[in-house]
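Enquirer: Chains as they are written, first to last, in our numbering: chain A, 11 to 126; chain B, 155 to 266.
Source of the hints: derived by calculation from the structure; they are not laboratory data.
One or more hints might be untrue.
[Unchecked claim] Have a look at the derived ranges for each label pair, beta carbon to beta carbon: (1) Arg-91/A - Ile-265/B: 45 to 51 Å; (2) Ile-265/B - Leu-49/A: 22 to 28 Å; (3) Gly-26/A - Glu-215/B: 42 to 48 Å; (4) Ser-185/B - Asp-28/A: 36 to 42 Å; (5) Lys-157/B - Ser-72/A: 18 to 24 Å.
[Unchecked claim] Where chain A lies over chain B, by a calculated footprint (3+ residues, C-beta under 8 Å): (6) 194-202; (7) 252-261.
[As the list claims (entries may be wrong)] Straight line, CA to CA, 25 Å or less: simulated SDA-like cross-link-like pairs of lysine to any residue: (8) Lys-67/A - Thr-159/B; (9) Lys-261/B - Arg-122/A; (10) Lys-227/B - Pro-163/B; (11) Lys-261/B - Glu-119/A; (12) Lys-157/B - Gly-69/A; (13) Lys-157/B - Glu-114/A; (14) Lys-67/A - Ser-185/B; (15) Lys-21/A - Ile-200/B.
Backbone N, C-alpha and C define an ideal beta-carbon position, used for all residues, glycine too.
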Amino acid sequence: GAGVSQSPSNKVTEKGKDVELRCDPISGHTALYWYRQRLGQGLEFLIYFQGNSAPDKSGLPSDRFSAERTGESVSTLTIQRTQQEDSAVYLCASSLVGGTATGELFFGEGSRLTVL
Amino acid sequence: AQKITQTQPGMFVQEKEAVTLDCTYDTSDPSYGLFWYKQPSSGEMIFLIYQGSYDQQNATEGRYSLNFQKARKSANLVISASQLGDSAMYFCASGGYQKVTFGTGTKLQVIP
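Bound-form chain B, shown alone (with noise of 0.2 Å):
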């Protein structure tokens, strides 16, 4: 069984400053990965950044970092440098050996 959890709602950020999205697991698979999805308000989802299980480092796509804690099951997302365009919502998401499941999604606005 798989459990994702972000516990922001909603957040706010600068332009220019850097946020960091939370999330939580919990899975029994051995070997999983771990996403992070965009949603602006257009309704596409956005792939943005992934994460093995067994990846020793940090991904990194652009602006976006994954902060990977195995011991903690936690993999958060951080954007750098917030631009108005990343006001959305931001999924966090698993993979196992069968479904992905999302979490609930945390709505992050960026204030000019």
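Chain A with its partners taken away, still in its complex shape (with noise of 0.2 Å):
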């Protein structure tokens, strides 16, 4: 498809599991952006990927969450030993380009985690 791809749409764990979410960008997209949204609050940034490289990572809460992204294409964000706290939409967005030439973001539908 045409627009950011994120997976899975929705995920339930039990606390203390791993989950790892996905996103694809869109094609030729070099800046990816991880957001997490708790219910009825706003946007925390968590991490931005310019290619494959992280030039900010300050947004990552705890040595729990870590994320990666292969060239400019798919990254995934990984939770290790959820917790219920984790429980949030995690949307990704993507760019054109990053920095100050940074146009309209383009948003993935998100992935909803739940963790009991």
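Build the complex from these two chains, which are given one at a time in their own frames, with help from the hints.
Expert: What follows is the structure, given as structure tokens:
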């Protein structure tokens, strides 16, 4: 498809389990962003990729969170030993370029994570 | 570092009236962009409008305009002729050299 694709759309897991969330950006988009949105809250920045490097990881909440990106393609966000406070919608966005030339961010539909 | 402040958690507006949603920002980047996104109850993020920090004129997109006052570091969104379909969360965001930071949002409700 032409848009940003995220999977799974819904994930229910037990506390303590690891989860992997996937984001497939728009082809040719060099910049990729991960955000977390708790119910009724704003978007919390997690990490930004320019190509396959992550110049800004400042938003990752703890060392249980990690992310990687293969080239200028798919990114995975991994949460280890999930906790109930990790329950949220995880949104991925991509843009043609990052930095000051940043134009519109194109968002995926999000991955809803529920930790029981 | 970037910070976005949206001081209005909720707003009401009468249908067909104009409404202004406030946004102030704080950034150390000399060049940056400002965005507004709409998030209806369905959860999708819909891009509305973009303003570059060096743009001389305020951005407009249909019924949306961005009132950019650089000295005050404000980037208010003006929606003219409100429609019932405008009821949603609205997020202001700022992007500099790297990440794009979002505000906490304003919930707009349009009253018939």
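Enquirer: Evaluate each hint against the coordinates.
Expert: So, going through the hints one by one against the coordinates:
no.: 1; hint: Arg-91/A - Ile-265/B: 45 to 51 Å; result: holds (46 Å)
no.: 2; hint: Ile-265/B - Leu-49/A: 22 to 28 Å; result: holds (25 Å)
no.: 3; hint: Gly-26/A - Glu-215/B: 42 to 48 Å; result: holds (46 Å)
no.: 4; hint: Ser-185/B - Asp-28/A: 36 to 42 Å; result: holds (39 Å)
no.: 5; hint: Lys-157/B - Ser-72/A: 18 to 24 Å; result: holds (22 Å)
no.: 6; hint: 194-202; result: holds (count 4)
no.: 7; hint: 252-261; result: holds (count 8)
no.: 8; hint: Lys-67/A - Thr-159/B; result: holds (22 Å)
no.: 9; hint: Lys-261/B - Arg-122/A; result: holds (21 Å)
no.: 10; hint: Lys-227/B - Pro-163/B; result: holds (19 Å)
no.: 11; hint: Lys-261/B - Glu-119/A; result: holds (20 Å)
no.: 12; hint: Lys-157/B - Gly-69/A; result: holds (13 Å)
no.: 13; hint: Lys-157/B - Glu-114/A; result: holds (19 Å)
no.: 14; hint: Lys-67/A - Ser-185/B; result: holds (21 Å)
no.: 15; hint: Lys-21/A - Ile-200/B; result: holds (24 Å)
When the structure is compared with the earlier hints, no violation turns up for any of them.
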